[in-house]
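Q: The chain contents come next:
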Amino acid sequence: MNLRTRKLLDRSFTALGFGSLVVMALALLVVIVPIAVKGIGAVFFTGTIEHRKMLSAEFHTGDPRELTSEAAASERYRANIYSMLSGFEGELDRMDPEKKAEYKNKYGQVKSSLQALLGPLPGEPAPMLTRFKYGQTRWDKAQEKLHDLLYETKWDTSNPNAMSTEYFVRRAESFKGTSLEKLFPYVEQNIEKMMLPKFTFYSGFITESSVDSHFFGGIWPEIQGTFFLAFGAMLFAFPLGVIAAIYFTEYAKPGFFNSMLRSANSTLAGVPSIVFGMFGLAFFINTLKVSDSKSVIAGSLTLAIMILPTIIRSAEEAILAVPKTYKEASLSLGSTKWNTIITVILPAALPGILTGGVISLGRAAGETAPIIFTAAVSVGSAIGLADVFNSPTPALSWNIYNLASEHEAAGELRHVQYGMVLALITVVLLLNLSAIILRARISKKLKG
Amino acid sequence: MTTDTLETPELMSAQKSTKDIYLPPARKKVTDGGKPHVVAREFSIYYGEFEAVKRVNAEIPSKYVTALIGPSGCGKSTFLRSINRMNDLIPTCHTTGALHFDNEDVYGKYTDEVLLRKKVGMVFQKPNPFPKSIFDNIAYGPRLHGINDRKKLMEIVERSLRKAALWDEVCDRLDKNALGLSGGQQQRLCVARTLAVEPEVLLLDEPTSALDPKATAKIEDLIQELRGSYTIMIVTHNMQQASRVSDYTMFFYEGVLVEHASTAQLFTNPKDSMTEDYITGRFS
Chain X
1 MNLRTRKLLD RSFTALGFGS LVVMALALLV VIVPIAVKGI GAVFFTGTIE
51 HRKMLSAEFH TGDPRELTSE AAASERYRAN IYSMLSGFEG ELDRMDPEKK
101 AEYKNKYGQV KSSLQALLGP LPGEPAPMLT RFKYGQTRWD KAQEKLHDLL
151 YETKWDTSNP NAMSTEYFVR RAESFKGTSL EKLFPYVEQN IEKMMLPKFT
201 FYSGFITESS VDSHFFGGIW PEIQGTFFLA FGAMLFAFPL GVIAAIYFTE
251 YAKPGFFNSM LRSANSTLAG VPSIVFGMFG LAFFINTLKV SDSKSVIAGS
301 LTLAIMILPT IIRSAEEAIL AVPKTYKEAS LSLGSTKWNT IITVILPAAL
351 PGILTGGVIS LGRAAGETAP IIFTAAVSVG SAIGLADVFN SPTPALSWNI
401 YNLASEHEAA GELRHVQYGM VLALITVVLL LNLSAIILRA RISKKLKG
Chain C
1 MTTDTLETPE LMSAQKSTKD IYLPPARKKV TDGGKPHVVA REFSIYYGEF
51 EAVKRVNAEI PSKYVTALIG PSGCGKSTFL RSINRMNDLI PTCHTTGALH
101 FDNEDVYGKY TDEVLLRKKV GMVFQKPNPF PKSIFDNIAY GPRLHGINDR
151 KKLMEIVERS LRKAALWDEV CDRLDKNALG LSGGQQQRLC VARTLAVEPE
201 VLLLDEPTSA LDPKATAKIE DLIQELRGSY TIMIVTHNMQ QASRVSDYTM
251 FFYEGVLVEH ASTAQLFTNP KDSMTEDYIT GRFS
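Quick mapping for you: the protein sequence lines, in order, are chains X and C.
According to our numbering, the first sequence is numbered sequentially starting from 1.
According to our numbering, the second sequence is numbered sequentially starting from 1.
One chain only, chain C, in its complex shape (with noise of 0.2 Å):
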């Protein structure tokens, strides 16, 4: 009993120090990137008359991976929506400012949604495969952009599937319904349903708050495998998974983007006493 009290206060102080929450990873090196991918300018993003994303400037780099953090309704969901522009789909959602996919404005007039969306995908919070074949999943998106070809539908669901690191998993049961795989099956066979659009920008909306720790091993491990061809911004709740898959981090506090910088720095030395009190715990 007295050296359970003893321990306790030790580990909390332990706690304290951001140096120990990140432990960098060995990654492997991106070529080609770093470009300014999605750009935005004094963006602002409003529920009716409830502004949600306030005046956010930053500049999304390509190839790499960029996490969201924050406490809950602190807007980083919102803004993420707004890049395949999702948020379309609540009906008094308005936005001012600017926001550039490739230098262009997401939200000019004459921007086609359907267009942004095939480049910017999107993984959603809970695993939300169609009640169709596994098959049919994967080859939706490639079939809604023309492609019939059973031979040529077969390359792309296998490629998809082996980049998804399903394959293996599924290779035999392609005609099976998609809802018969287990969570973290699915959640990866969402992320292959994605990729097989083969989009830019891939945005992972808390893809692993559903899932369990093995589950949600193999999707970081996943993003790994997938950063440096594709640019990836991950909403996360999870401290620790943003230190592990990410490069850079946004912190989000009541709409205000308040800190965008390299993971390493963000974690080890934020500039912002916000920051430091959110990422060692101090509120949540």
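Isolated chain X, as found in the complex (with noise of 0.2 Å):
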């Protein structure tokens, strides 16, 4: 091969290189910036009228004596609506009957998206969820009630072989002739005096429980609960696995017996996720009864199961990467294995085995099948440390999940669920973050 062929073959290694990486560097924005904008949503956002008055009455903070000037501000305008709606029901009892029925069915289209919009209407029975209390709380939902008050969805099925397609007709145009027709127009005008949009900062995302499934409040019972899981795992698979990664690495003596461990742990680490959640169910719960049904301690032992293989195999390499010289000179000085292990080896190995344990911690944070079955629950308040034993807990990974894709009201709630996933990457960040400090701290010592 001559020179210029062997350049241009380097050149084109180094690119296709430097190609992947960038590759993946978009890739990685490509997923965290939407993710990262909108869940800085739940958290900085407009709030309307009804999140203030949502937060006086089931937190108890704000400022009430504001609140209660905005409401009467906001109150001006939507006392008109409700007097046009009770107008409207006074020309509906008086129309012939074909009428009636045909607009009785449109008008209360038009309630029920009036009472999203703007929470309950006066003379309508109490509702007994909190969801139903109040109005939209969010201004970017606030307009999409707003369209879904001026526009009826319809649904063009006219080609058959087609999907059917969605178009918009404006509701003022079925209520033409009626008293009700000027209500649209409004709404619409008035929109921002009824709901008063202000720029919030809602802390309580954090640091508070959730009210009626996610609607409202925060989500710390599940930060809480993913923090409970993970160290709780940590807990049972680090000590575990260090000094099973010490056995097989300075005490084992290669064999028949050895090597079937070996790579049971490889095969262990192997196994999915799912798998673990229900060997945590039948074994640690339905076997041992740790605890009577879910619990944290059942699904931090499942998690631990699971990451053990991992922590094992790293401790292992970190120790096999201590310089032997190390060893030798501990034990020519007249030290036992032991204390050469505690003394030298391990504080060696240390970097090493801490970047393994928080990746593990990592994952044990991130997982949602092991815990399903063995300790998540979808709605539930923050526990306290006495309760691990016999409490479940709500958790990040299965919370996403089950937002996504399980809860009733899952399109509402997509600010939630974004929040969620933001605050499991920024918890997985920030352990990994600490690891990288605490490594290099430790490895400055070790080098001088």
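Zero decoy hints are in this set.
Restricting the straight-line Cα-Cα distance to at most 35 Å, the calculated cross-link-like pairs of lysine-lysine (DSBU-like) are:
| # | chain 1 | residue 1 | chain 2 | residue 2 |
| --- | --- | --- | --- | --- |
| 1 | C | Lys-152 | X | Lys-324 |
| 2 | C | Lys-54 | X | Lys-327 |
| 3 | C | Lys-119 | X | Lys-327 |
| 4 | C | Lys-119 | X | Lys-337 |
| 5 | C | Lys-151 | X | Lys-447 |
| 6 | C | Lys-214 | C | Lys-151 |
Hints are computed from structural coordinates only; laboratory data are not their basis.
Predicted model, so just to flag it, every value in this text is computed and none were measured.
Take the two lone chains and join them into the complex the hints point to.
A: Structure representation (structure tokens):
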């Protein structure tokens, strides 16, 4: 191969490597940026007066006097709507039965749209669920609801070979000639005066419990549950893993039994996490009965089993990477094997062991499948440390899944879901960051 | 050009004479020494099936310096490492015959290798300080053996560093990491660390092979300082070094102890022709 070909190959390989890194970084940006933007929207957003009402009633925060004056201002415009509604109801009574049936249905839709936008209408029975006690708390959502009020959604199914298409009809057209006609332009014009949108920093999203399954309030129970589960798993898995790694590297004699143990360990690392979840349910809850039902401890133990192989493997690598000369030096000074391990080998291997530990911690924090059957509930309040033995907990990973697919109002709560995703990413990143800093400090101390 | 070609054969022929290699330095007198300290009887070391050291019979005199020489793979390091049982780290290694230290069987069933290693210290080919402070490096051994009093430890550290001729260079930075020292300083630190446990025997496994000539000279001076207080055994590839520092020399070849005599005799009047071939550089 001549020099030119070699140089060309060298350069193209460099370009290939650099290109793949760029693609990876871009992919990361494409994933992270929208999540971050949407997730931040759970904390920083334009809130309406309904949000302030909700905070005052459910969490007793905010300035009540300011709220009263705001409510009064908003009520002035709302009162006109309510009087229009009652006017139309009177008109409806006077209509002939055929027309009445047609309008009644349409009027019902208008009323429920208004209710979703502004909160319960006067004269209606008080709603049971908290979610119906308030109108739209977020300005972006309020605008969606406004659209629902102003336009009727219809589906065009005329072409049987294509998917039906959505189109909108102005409700004002449907009510042409009635007294309700002028309601729609009125709402459209005065929506800001009724909702009083204001830029809001809602720190309660991080620190508060949720109200009515994540409709209002925050995700603190989920964050706390994630911490409990992940650190609980580390509590079991880290010491066990390090001890097992010491055994493998320093004590185990090569043989059939040990090669079996090693391959078992490698196999465990590849087992799908849902299998660990089933195992946790069958073994920790049903057989060992560590708790009567789902509990933090059962979930932690299951996660611990799942991350154990990784911890063992990384600790083993770290211990094997300690120069043999340290061991020789220590032994030649009359140190026992155990003392050598404690005073020389483990301190030198610590950065590597910690790295493996934190990667596992991040994995434990993010796993969903193992905790479905053993620890996670979709709604719950924050639990105390004393409750970990008998009570389940919400956790970020499981609640993200729940909100995305199983929640009855998943479409209404996208902002909460993205907030949770961002919180989970932040938690894992913070854990990794602290590990990197810790590792750097220890390495620096070792290198002198 | 012509003068060059004339000179070269002259030098080579000059090197052939063993008398020119051995230039005995002036040495202080050793009192209370010469008793057999380490005794090998028909002692063999195996790595699995391979016999690395073959039926060695030798008596190492106490408080003198004994050099172990021989080509690579001749078993000299293996023999040295067997004296404080560092070969135990190699799983396939086993021994036959007897090796005695202070009339105690090194490979006896009830021998405590930890106590043995306390008495038989070792310094390795590459400087291997722990990634700790200089103080903690020296204090590591004494702490192991139960000394925790800071003042007492400080005394030991100072004494050991003085013996290793390192005190003046490091006394103002004892709390700094030992890995920040130069290679020669690190090796002297390793000697000091070994001396801190107060051993009787000092095993040096090619202690200067990773060092520059200046640092080597310091280590050699140090060996001369310690001679008379410790029984010293040094493995070396450097014939000049062996002749400079040792009182006795053992020549190994393919696992066999070919010749064991006083250094003066071995270098000036070797009994075995193989010894002569080796020290004159006919093979290596």
